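*Asks:* Spelled out from the first residue to the last, the chains are:
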Amino acid sequence: MRVRNRGAAPDDGNAPPARGASAPPPDPDRAARRSRLWSQLDLKLSPYLFVSPYFLLFGVFGLFPVLFTFWISLHDWGLLAGKQEFVGLDNYAFLLGDEKFWNALANTLGIFFLAIVPQLMLALLLADTLNRSIRLRGFFRVGIIIPYVTSIAAMAIIFGQLFGREFGLINYGLETLGMGGIDWQNNRLASWTAIAVMIDWRWLGFNTLIYLAAMQAIPRDMFEAAAIDGASRLRQFFQITVPMVRPTIMFTVIISTIGQMQLFTEPVIFGQGYGGGTQGQFQTVAMLMFEEAMGAQNFGYGSAIAWVIFLLIVVFALVNVLSVGRIRSAN
Amino acid sequence: MSKHTRGMRSVAAAVSSGALLTAVACGNGGGDGGDPELVIETFGTFGYEKLLQEFEEDTGITVEERTYGELEDWNEQLTQNLSAGSGLGDVVAVEEGILLDVMQSQDSFHDLYDYGAGSMEDHFLDWKWEMGHTPSGRLLGLGTDIGGMAVCYRTDYFEQAGLPSDREEVSELWQTWDDFVEVGVEFSESDVDAAFADTTTEYSNAIMRQSGDVMFLDQENELVIEESDSVERAWDIAGRMIEEDLTAELEMWSDDWTAAIQSGAFATMPCPSWMLGQIEENAGEEGEGKWDVARVPGDGGNWGGSWLAVPEQTDHPEEAAQLAQFLTGPEGHLGAWEARNNLPSSPETLQSDEVQNHTNPYFNDAPVGEIYAQGAMDLEPTHFGIGHFAIQQSTNTEALLSWEQGQADREEAWEQAVQDAERIAENN
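Chains A and B are the protein sequences, given in the same order. Here the first sequence is numbered in full-length UniProt numbering, starting from 1 and rising by one per residue. Here the second sequence is numbered in full-length UniProt numbering, starting from 1 and rising by one per residue.
Honestly, the hints are just simulated from the structure, not real lab data. None of these values were measured; they are calculated from a predicted model. Each hint should be verified, as a subset may be incorrect.
Okay, derived cross-link-like pairs now, EDC-like style, lysine to aspartate or glutamate, Cα gap no bigger than 20 Å in a straight line [what the hints assert, rightly or not]: (1) A:Lys83 <-> B:Asp107; (2) A:Lys100 <-> B:Glu422; (3) B:Lys290 <-> B:Asp156.
Calculated Cβ distances over 12 Å to all of chain A for the following chain B residues [said to hold, decoys possible]: (4) Ile61; (5) Asp101; (6) Asp111; (7) Asp114; (8) Glu121; (9) Glu169; (10) Thr176; (11) Glu249; (12) Trp257; (13) Ile279; (14) Arg295; (15) Gln325; (16) Pro381; (17) Thr397; (18) Gln405.
Glycine included, every Cβ here is placed at the ideal spot set by N, Cα and C.
Construct the entire structure; sequences and hints are all you get.
*Replies:* Here you go:
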């Protein structure tokens, strides 16, 4: 990377002179000065011009909505009635004492742990398997990502039917085996499990591919040397593979955290609405936000919840980043 | 109007958002001096396909209908686009549960008096006409259909249970809701392998609406859920049905509910006229001739019904108002009745031969026209209030159902209902 740094190009006489480095001796000629000015500007400004579209779009579609949402959250603001009055931080104060919010937060975190822990472990094992020389390796590597490209709504509808209480396939199977059916929606833990299964089915392939990419970067001779030393497959996995991909694991944890805090589509379709079950047993924070803003038309409070989700994601990301730093320095 | 199952809902949402994009891209109209193109937005089944064709032929104005599968989705879209100030069609359907919410932004709609709709007053049932007005007296919407109320039941199960199965006798059997529960108990003691009802949630809804009074909110939009006689009565009847274990404990419109209609897992369900199409669709050929329609216990009642309104956002208010008047006029009402059994909100049409003599072959040739029209003529409208739809969802669909499904006892369920209602009412 360093050699591409224009100003720092070493002048060994052979290499084509870097731009600006071979400037002619000072010339009073205006045109030449202007051209040099242009090239200076080009050098300084064009990188910013090239990256500007992203930041302009981010400003319009990312930053502005975030700030405007904060502005709304400081008001009593109905969706149809519009702005009613400035209430300061009242919406946030209400949120702190709101049982429904804490219930939703507990659900979100509960589903998160139920989904992510097995998912990442399974993804590691799968990636390790795909990293070996197995038959039809290419086929399996492509196949594993297919769930990720399917429509999330279509998937949730199918899983919703599988997990039906009376006519669902899973309960049918359980009853055929002589076990009682499970009330997937009404039992809190069962509903979390059903949603976690949907999440895992969809994201498992994605994380597996990321791990696989990281594992490909591990030098093969490390495994060979270990094998010669008599290390078993399992030992190689725990003492070479896992430590080598640890930063990647942290990366997937961060990505999953951000995704899970916004968990919405799967539970909404599972429970046919923002309520998350008859008693909110699987209502996530994002669902509560929609219920308040769209159902109860309380846009101000909905915005406050949106901001708290945003802050929570920031906090979780920071915790993750700090712990990554710890792990790195420990190595 | 009817709703669809879960699956249909998302498909419909996907399709409609696609339609939305196209409409936005095309700028929603001709604009180069030619005839304008109108967009009408509805939900469920309004039965407008043929009528729109007629309108196109008569006026040369092209009309595109955008339909949302489920009412809930459409309500949300309507609210969002109203507050955003763009994205709505030229004519939109507003359902009764959300009518007062929408009237909060009354300036977002054209006053239909400005387009000569005032002359239609005599055509409508008085209350339907009245409810289309904003508090300031602007005519916001013209009435489409009303729900009417009846009970659909499975004749074969009634026979098996040793109950009468003829619709007249069945209607005699349950004059009151207490009778209804007793019939249910008798049914459940027989050896028929089916529940008496699908769920209590919509029966309670029907009972509340029969009172012709207030439900959750009074005329001043104050929450009266705890003092409301109609709500108390509905919870009492529903409670007895729960205690006697008369229901299949299904959530209405869920996949399980649809599958249960198909497999015949329950014997009765509340049946506004638009529900006939739902049953026919879900029960399919196998159910033909097995279902029949009896009178509802108590004094009639109403469930469902809409108004057509012209949003301020439209570029063609004149033509849009023309379309709304056509669809809610005599011809439009009759067309919707013939296509989908959507009960007209006009006394004249209700008494017409086309409605009165209409029988439905799927339901044992039941004289559905007569059954529904009879109740509709002397219907007392129920006052809803702002936020009604959301409160009804949380009270009936969530709180009552959690009691029915054994997740809460009566006290807990009631507490949940009151708390949620307070929360919603506070914001409105």
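*Asks:* A separate judgement is required for each hint: does it hold in the structure or not?
*Replies:* Okay, the hints, checked on the actual structure:
For the hint pairing A:Lys83 with B:Asp107, the CA-to-CA distance comes to about 15 Å; that is within 20 Å, so the pair holds. Proposed proximity of A:Lys100 and B:Glu422 is supported: the alpha carbons are some 13 Å apart, at most 20 Å. With a CA separation close to 6 Å, the supplied pair B:Lys290 and B:Asp156 stays within the 20 Å bound. Every Cβ of chain A is farther than 12 Å from the Cβ of B:Ile61; the closest lies at roughly 30 Å, confirming the non-interface assignment.
A beta-carbon of chain A comes within 12 Å of the beta-carbon of B:Asp101; the shortest separation is about 6 Å. With a least beta-carbon separation of about 18 Å from chain A, B:Asp111 lies farther than 12 Å from that chain, consistent with its non-interface assignment. A cut-off of 12 Å between C-beta atoms confirms that B:Asp114 is not in contact with chain A; the least separation is 22 Å. With a least beta-carbon separation of about 27 Å from chain A, B:Glu121 lies farther than 12 Å from that chain, consistent with its non-interface assignment.
At roughly 31 Å, the least C-beta separation between B:Glu169 and chain A is larger than 12 Å, which holds for a residue marked as non-interface. Taking the minimum C-beta to C-beta distance to chain A, about 29 Å, the non-interface status of B:Thr176 holds against the 12 Å cut. A beta-carbon of chain A comes within 12 Å of the beta-carbon of B:Glu249; the shortest separation is about 8 Å. Chain A draws B:Trp257 into its interface by the beta-carbon criterion, the shortest separation being 9 Å against a cut-off of 12 Å.
A cut-off of 12 Å between C-beta atoms confirms that B:Ile279 is not in contact with chain A; the least separation is 17 Å. Listed as a non-interface residue, B:Arg295 keeps its Cβ farther than 12 Å from every Cβ of chain A; the least gap is roughly 29 Å. For B:Gln325, the condition that its CB be more than 12 Å from all CB atoms of chain A holds, with the nearest at approximately 25 Å. In this structure B:Pro381 is separated from chain A by more than 12 Å, as the shortest Cβ-Cβ distance comes to about 22 Å.
Here B:Thr397 does not stay apart from chain A, with its beta-carbon only about 8 Å from theirs, under the 12 Å limit. Annotated as non-interface, B:Gln405 brings its C-beta within 12 Å of a C-beta of chain A; the closest such distance is 6 Å.
Taken one by one, the earlier hints fail for this structure at numbers 5, 11, 12, 17, 18, listed in ascending order.
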